[in-house]
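Residue numbers (the working numbering), protein chains in the order written: chain A, 1 to 696; chain B, 1 to 234.
Treat the hints as calculated values from the structure; they're not laboratory data. Only a predicted model underlies this, so the values are computations on that prediction, with no experimental measurement involved. Mixed in with the good hints, there may be bad ones.
[Stated by the list, open to error] Straight-line distance between alpha carbons at most 27 Å, and here's what the computed DSSO-like set of lysine-lysine pairs gives:
(1) A:K485 - B:K78
(2) A:K147 - B:K78
(3) A:K125 - B:K35
(4) B:K25 - B:K152
(5) A:K661 - B:K65
(6) B:K65 - A:K670
[Claimed, not checked] Which stretches of chain A does chain B cover? Using the computed rule of at least three CB atoms under 8 Å from a CB of chain B, they are:
(7) 152-159
(8) 603-613
(9) 622-630
[To be verified] Label-pair restraints from in silico Cβ distances:
(10) A:R126 - B:N71: 14 to 20 Å
(11) B:T111 - A:R126: 33 to 39 Å
(12) A:S549 - B:R233: 49 to 55 Å
(13) A:K676 - B:V2: 27 to 33 Å
(14) B:Q114 - A:M221: 35 to 41 Å
(15) A:S549 - B:N127: 34 to 40 Å
(16) B:V2 - A:S549: 30 to 36 Å
(17) A:A417 - B:Q114: 57 to 63 Å
(18) A:K125 - B:S63: 48 to 54 Å
(19) A:A381 - B:N71: 35 to 41 Å
(20) A:D224 - B:N127: 57 to 63 Å
(21) A:A417 - B:N71: 29 to 35 Å
(22) B:N186 - A:K485: 54 to 60 Å
(23) B:D113 - A:E680: 23 to 29 Å
Don't be surprised by glycine CBs; every beta carbon is placed ideally from N, CA and C.
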Amino acid sequence: MNTDISKMRNIGISAHIDSGKTTLTERILFYCKKIHSIHEVRGKDGVGATMDSMELEKERGITIASAATSVNWKGFDINIIDTPGHVDFTIEVERALRVLDGAVLVLCSVAGVQSQSITVDRQMKRYNVPRIAFVNKCDRTGADPLKVKDQLIEKLGHNAVMIQLPIGLEDKHEGIIDLVTMKAVYFRGPDGEDIVVTDIPSDLLAEAEEKREELLDVVSMFSDELMEAMMEENVTEEMIHDAIRKGTLTQELTPVCLGSAYKNKGVQSLLDATTRYLPDPTEVTNIALDLDNDEKEIILESSLEKPNVALAFKLEDGQYGQLTYIRVYQGHIKKGSELYNTRSRRKFKVGRLIKMHSDHMEDITEAECGDIAALFGVECASGDTFVQTGLNYSMTSMFVPSPVISLAISPTDKKAADNMAKALNRFTKEDPTFRTFVDKESNQTIIQGMGELHLEVYIERMKREYAAEVEIGQPQVAYREAISKVAEFNYTHKKQSGGSGQYGRVAGFMEPLSEGEYEFVNKIKGGSIPTEYIPACDKGFKSSLEKGSLIGFPIVGVKVTINDGQSHTVDSSDMAFQLAARGAFKEAYLKAKPVILEPIMKVAIEGPTEFQGNVFGAINQRRGIIVSSADEGTFSTVDAEVPLSEMFGFSTTLRSLTQGKAEFSMEFLKYGKVPKGISEELIKEYEEKRKKEAGK
Amino acid sequence: MVRSELNKRSPLRVFEKSIKGGVGKGHIGVLASKKGVGKTACLVHIATDKLFRDRHVIHVSFSQKVDHIINWYEDIFKEIAKKRELEDAVDIHDEIITNRVIMNFNSQGTTIDQVLTSLRAMISDGNFPADSVIFDGYDLASSSTEDFGKLKAFAKEVEIEVWISASLKGEAPVFNDNGVPEELENKINDLDVLITLKYEGDHVHFQVIKDHDTLEPKEMTLKLDPKTLLIARE
Ligand SMILES: Nc1nc2c(ncn2[C@@H]2O[C@H](COP(=O)(O)OP(=O)(O)O)[C@@H](O)[C@H]2O)c(=O)[nH]1
Ligand SMILES: [Mg+2]
Numbered sequence: 001m002n003t004d005i006s007k008m009r010n011i012g013i014s015a016h017i018d019s020g021k022t023t024l025t026e027r028i029l030f031y032c033k034k035i036h037s038i039h040e041v042r043g044k045d046g047v048g049a050t051m052d053s054m055e056l057e058k059e060r061g062i063t064i065a066s067a068a069t070s071v072n073w074k075g076f077d078i079n080i081i082d083t084p085g086h087v088d089f090t091i092e093v094e095r096a097l098r099v100l101d102g103a104v105l106v107l108c109s110v111a112g113v114q115s116q117s118i119t120v121d122r123q124m125k126r127y128n129v130p131r132i133a134f135v136n137k138c139d140r141t142g143a144d145p146l147k148v149k150d151q152l153i154e155k156l157g158h159n160a161v162m163i164q165l166p167i168g169l170e171d172k173h174e175g176i177i178d179l180v181t182m183k184a185v186y187f188r189g190p191d192g193e194d195i196v197v198t199d200i201p202s203d204l205l206a207e208a209e210e211k212r213e214e215l216l217d218v219v220s221m222f223s224d225e226l227m228e229a230m231m232e233e234n235v236t237e238e239m240i241h242d243a244i245r246k247g248t249l250t251q252e253l254t255p256v257c258l259g260s261a262y263k264n265k266g267v268q269s270l271l272d273a274t275t276r277y278l279p280d281p282t283e284v285t286n287i288a289l290d291l292d293n294d295e296k297e298i299i300l301e302s303s304l305e306k307p308n309v310a311l312a313f314k315l316e317d318g319q320y321g322q323l324t325y326i327r328v329y330q331g332h333i334k335k336g337s338e339l340y341n342t343r344s345r346r347k348f349k350v351g352r353l354i355k356m357h358s359d360h361m362e363d364i365t366e367a368e369c370g371d372i373a374a375l376f377g378v379e380c381a382s383g384d385t386f387v388q389t390g391l392n393y394s395m396t397s398m399f400v401p402s403p404v405i406s407l408a409i410s411p412t413d414k415k416a417a418d419n420m421a422k423a424l425n426r427f428t429k430e431d432p433t434f435r436t437f438v439d440k441e442s443n444q445t446i447i448q449g450m451g452e453l454h455l456e457v458y459i460e461r462m463k464r465e466y467a468a469e470v471e472i473g474q475p476q477v478a479y480r481e482a483i484s485k486v487a488e489f490n491y492t493h494k495k496q497s498g499g500s501g502q503y504g505r506v507a508g509f510m511e512p513l514s515e516g517e518y519e520f521v522n523k524i525k526g527g528s529i530p531t532e533y534i535p536a537c538d539k540g541f542k543s544s545l546e547k548g549s550l551i552g553f554p555i556v557g558v559k560v561t562i563n564d565g566q567s568h569t570v571d572s573s574d575m576a577f578q579l580a581a582r583g584a585f586k587e588a589y590l591k592a593k594p595v596i597l598e599p600i601m602k603v604a605i606e607g608p609t610e611f612q613g614n615v616f617g618a619i620n621q622r623r624g625i626i627v628s629s630a631d632e633g634t635f636s637t638v639d640a641e642v643p644l645s646e647m648f649g650f651s652t653t654l655r656s657l658t659q660g661k662a663e664f665s666m667e668f669l670k671y672g673k674v675p676k677g678i679s680e681e682l683i684k685e686y687e688e689k690r691k692k693e694a695g696k
Numbered sequence: 001m002v003r004s005e006l007n008k009r010s011p012l013r014v015f016e017k018s019i020k021g022g023v024g025k026g027h028i029g030v031l032a033s034k035k036g037v038g039k040t041a042c043l044v045h046i047a048t049d050k051l052f053r054d055r056h057v058i059h060v061s062f063s064q065k066v067d068h069i070i071n072w073y074e075d076i077f078k079e080i081a082k083k084r085e086l087e088d089a090v091d092i093h094d095e096i097i098t099n100r101v102i103m104n105f106n107s108q109g110t111t112i113d114q115v116l117t118s119l120r121a122m123i124s125d126g127n128f129p130a131d132s133v134i135f136d137g138y139d140l141a142s143s144s145t146e147d148f149g150k151l152k153a154f155a156k157e158v159e160i161e162v163w164i165s166a167s168l169k170g171e172a173p174v175f176n177d178n179g180v181p182e183e184l185e186n187k188i189n190d191l192d193v194l195i196t197l198k199y200e201g202d203h204v205h206f207q208v209i210k211d212h213d214t215l216e217p218k219e220m221t222l223k224l225d226p227k228t229l230l231i232a233r234e
């Protein structure tokens with residue numbers, strides 16, 4: 001195949017809900033001549049957009065899955081990677097961000113930079129993703145793309161600059177002025193496919209000239225050539241493109257395009273900007289970790305000659321069977337060749353290799369570095385790294401936060417039980433923040449995740465995609481227990497009457513550990529506990545952490561030091577010392593003044609300023625702390641920290657408090673101490689529950 | 001050092017002593033200087049000192065981003081904790097910031113009425129028991145005496161102490177014989193405490209211009225530490 005890698009683009013389109021991401025994506029697919037009719041997102045035909053492959057997603061109007069679709073624009077191969085927008089799905093967003101080389105940030109010309117754009121932008125910054133902006137919905141009443149550009153500067157700290165101006169706004173929005181070519185561009189015909197380029201209308205010329213000056217001033221910072229040409233007044237279009245590209249690649253510049261996806265304005269120009277300014281795969285640094293060499297960082301090379309390295313970034317159980325989407329970073333993966341999964345340490349053969357287009361899938365014989373493709377029927381989990389046999393690399397490990405909420409689910413019948421098992425198996429492979437296990441005591445299946453909505457979505461998917469009807473319990477916050485003081489122990493485990501005896505004594509102390517979950521220090525001198533039994537002590541302490549005695553949740557942040565003990569030549573054993581350690585832990589735990597920790601969420605609420613008081617009140621009622629509020633005239637944003645346990649049902653409350661005009665996003669922030677009153681309540685509840693269970 | 005000791009030894013005790021124990025509830029204190037002398041650092045130190053003593057503070061700002069104000073607080077806290085070798089600094093930090101709210105107004109032409117409406121919402125609906133409100137970046141010099149009156153009435157009504165920074169225009173602001181900056185002469189009767197910051201050599205010194213009912217310049221035995229930007233004893 002040997003495609004020209006400089007003509008390859010891997011891009012994501014990210015947006016706040018309802019900014020028009022789906023509409024824009026579909027327009028892009030259309031103009032790339034891959035789909036043949038445009039369906040309205042929520043149109044009467046019920047067909048919906050091609051990108052939102054999951055039904056549930058359509059219903060909610062949010063994008064959950066990250067699939068990749070390949071299109072071609074003027075000789076460029078563009079892979080569009082769908083980036084989920086909702087913060088409850090952070091892990092999916094972050095994984096998608098790993099495989100993108102650049103992104104289009106879609107903003108609504110009326111609403112401007114909203115809470116989700118802020119979250120997603122922060123993530124993009126972390127992954128060094130170059131961005132261009134598209135101010136959509138210029139046909140809406142109140143459209144003000146220049147204001148949105150200012151917000152990019154003020155709220156997101158971008159060095160944003162208009163590279164286009166609107167020709168008319170609101171219902172008079174007709175097209176754009178290209179500030180590089182200094183031409184007017186109209187999009188005519190029923191689907192906006194007839195591009196008509198003319199001179200700039202005279203009434204807009206003065207503004208266009210002024211904004212072009214601004215553009216040149218800003219972008220000349222990135223090009224000496226342009227700077228000189230400006231002085232000599234022989235600036236060419238190429239020079240401007242080059243300068244914009246340079247600034248964009250280093251993320252020091254965000255060029256701003258505009259239009260209306262819905263009214264078919266500006267999409268083709270955005271595609272031109274995408275291919276012009278966003279990087280090709282060779283212009284992005286990708287790092288792998290060498291597992292044979294202390295996880296040393298290795299910079300991958302986009303070269304066909306190098307051994308293969310690819311990342312499985314998405315699993316999908318679609319109409320075609322199980323697909324694994326991969327991004328190839330190095331080498332080229334051929335159909336029929338052998339790959340090695342460095343996580344599972346298993347080799348496998350590449351069977352069918354395909355590329356997904358919007359309306360069909362194409363069988364290919366090889367996928368080259370830089371490209372995105374999908375494999376059929378590979379046993380793996382998302383996030384796995386595939387390499388050529390002989391290498392042992394892993395793509396940078398991604399931070400996986402622990403789940404903060406859990407829910408008991410029980411299938412309604414035998415069939416549902418089978419289907420549920422299948423679904424859970426799939427989901428846990430797709431999403432490492434989604435976990436499941438069977439609770440030993442209640443024998444119930446528990447699912448865990450990052451928030452209420454996160455779990456809700458999986459329950460819905462179980463129903464729809466797997467026909468697994470389940471009954472659900474009350475959401476349960478993932479509390480933790482931790483100690484707050486130093487406490488000593490000196491415990492003897494002794495059972496020496498009849499049969500073979502057990503004997504072990506363990507002494508030392510436990511103390512709070514601010515970082516990490518558990519640490520074990522052996523300071524035994526003179527062999528008062530023989531070395532062979534030390535691991536048993538460690539194991540005994542460690543197993544004590546699984547379930548705290550306050551409310552039965554895992555204990556975190558404990559450092560245990562042992563400094564004395566005693567053994568018996570005949571009666572001591574691993575088991576005896578494990579039990580001694582458990583006894584010692586129990587003895588010291590309550591003395592160490594244990595406390596209950598709860599997940600605290602970072603919550604951002606955005607809405608009309610008139611409802612500010614209601615929002616403040618709602619946060620206050622939920623034991624929340626308002627960190628800041630930002631008032632921008634009619635709109636305001638409130639940043640708060642609120643315990644997760646208080647956030648159940650918040651979306652409903654917020655809707656009724658603000659006539660549905662406010663929105664919020666939330667993500668896990670940290671674990672924090674539960675206040676005394678509530679902690680006592682939790683302890684009481686736990687004791688009652690235990691009494692009840694004991695009475696059974 | 002433990003927290004109570006730190007509070008006792010704070011240079012802010014000296015500061016308060018020279019203005020009859022502080023600005024006081026229902027009153028307004030103004031910190032005036034030309035640009036870039038260190039008013040924000042002082043206000044944040046004043047606020048942090050209050051937080052250290054379990055008071056509740058609302059910090060009102062008029063900047064583009066909230067982040068950098070939060071960073072000011074982080075920096076000032078760190079400097080204090082370091083200087084005093086504060087015990088349990090992390091816990092104290094986490095505890096006291098829960099008593100602080102930052103309210104930022106970044107649209108041009110925000111009126112004092114809008115600010116007061118938001119403050120009221122925070123205090124009553126948000127149930128935030130504010131003791132002090134810090135105004136930084138408010139264009140006091142060009143605000144009308146009427147607006148200033150509204151602010152004063154608000155401070156009285158909800159019984160809070162207000163600190164405002166006033167940025168004096170130009171490189172060499174003009175002061176009258178009493179040490180009052182010309183730009184603030186029209187408000188001198190309504191404000192309760194006025195302190196000016198001036199460079200003397202390479203140090204910034206404080207001067208009390210108005211101390212409740214006394215209008216007579218007097219030196220404070222304090223300076224602004226040029227390295228940490230903390231208020232410190234001379
Ligand atoms: N007026 C106007 N509406 C648009 C435009 N683009 C999208 N919409 C509408 O905005 C709503 C949300 O669009 P959608 O593409 O689903 O947004 P997403 O949530 O970002 O995927 C739909 O009703 C669209 O028809 C546009 O350019 N102008
Ligand atoms: Mg959508």
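Right, here's what the structure says about each hint:
1. A:K485 - B:K78: Between K485 of chain A and K78 of chain B the Cα gap is close to 25 Å, so the pair holds against 27 Å.
2. A:K147 - B:K78: violated, 37 Å
3. A:K125 - B:K35: violated, 32 Å
4. B:K25 - B:K152: holds, 11 Å
5. A:K661 - B:K65: Holds. K661 of chain A to K65 of chain B sits at ~23 Å (cutoff 27 Å).
6. B:K65 - A:K670: holds, 23 Å
7. 152-159: Holds: 3 residues of the region 152-159 of chain A have a Cβ under 8 Å from chain B.
8. 603-613: Since three or more residues must qualify, the claim that chain B covers the region 603-613 of chain A holds, with 3 doing so at under 8 Å.
9. 622-630: holds (count 6)
10. A:R126 - B:N71: 14 to 20 Å: holds, 18 Å
11. B:T111 - A:R126: 33 to 39 Å: holds, 38 Å
12. A:S549 - B:R233: 49 to 55 Å: Since S549 of chain A and R233 of chain B have Cβ atoms about 51 Å apart, the given range 49 to 55 Å holds.
13. A:K676 - B:V2: 27 to 33 Å: Given a distance of about 22 Å, which is not inside 27 to 33 Å, the answer is violated.
14. B:Q114 - A:M221: 35 to 41 Å: holds, 37 Å
15. A:S549 - B:N127: 34 to 40 Å: With Cβ atoms ~35 Å apart, the hint holds.
16. B:V2 - A:S549: 30 to 36 Å: holds, 32 Å
17. A:A417 - B:Q114: 57 to 63 Å: The hint (57 to 63 Å, Cβ to Cβ) holds, given that A417 of chain A and Q114 of chain B are roughly 58 Å apart.
18. A:K125 - B:S63: 48 to 54 Å: violated, 20 Å
19. A:A381 - B:N71: 35 to 41 Å: Because 39 Å falls inside the window, the suggested range holds.
20. A:D224 - B:N127: 57 to 63 Å: holds, 58 Å
21. A:A417 - B:N71: 29 to 35 Å: Given range 29 to 35 Å: violated, Cβ gap about 53 Å.
22. B:N186 - A:K485: 54 to 60 Å: holds, 59 Å
23. B:D113 - A:E680: 23 to 29 Å: violated, 45 Å
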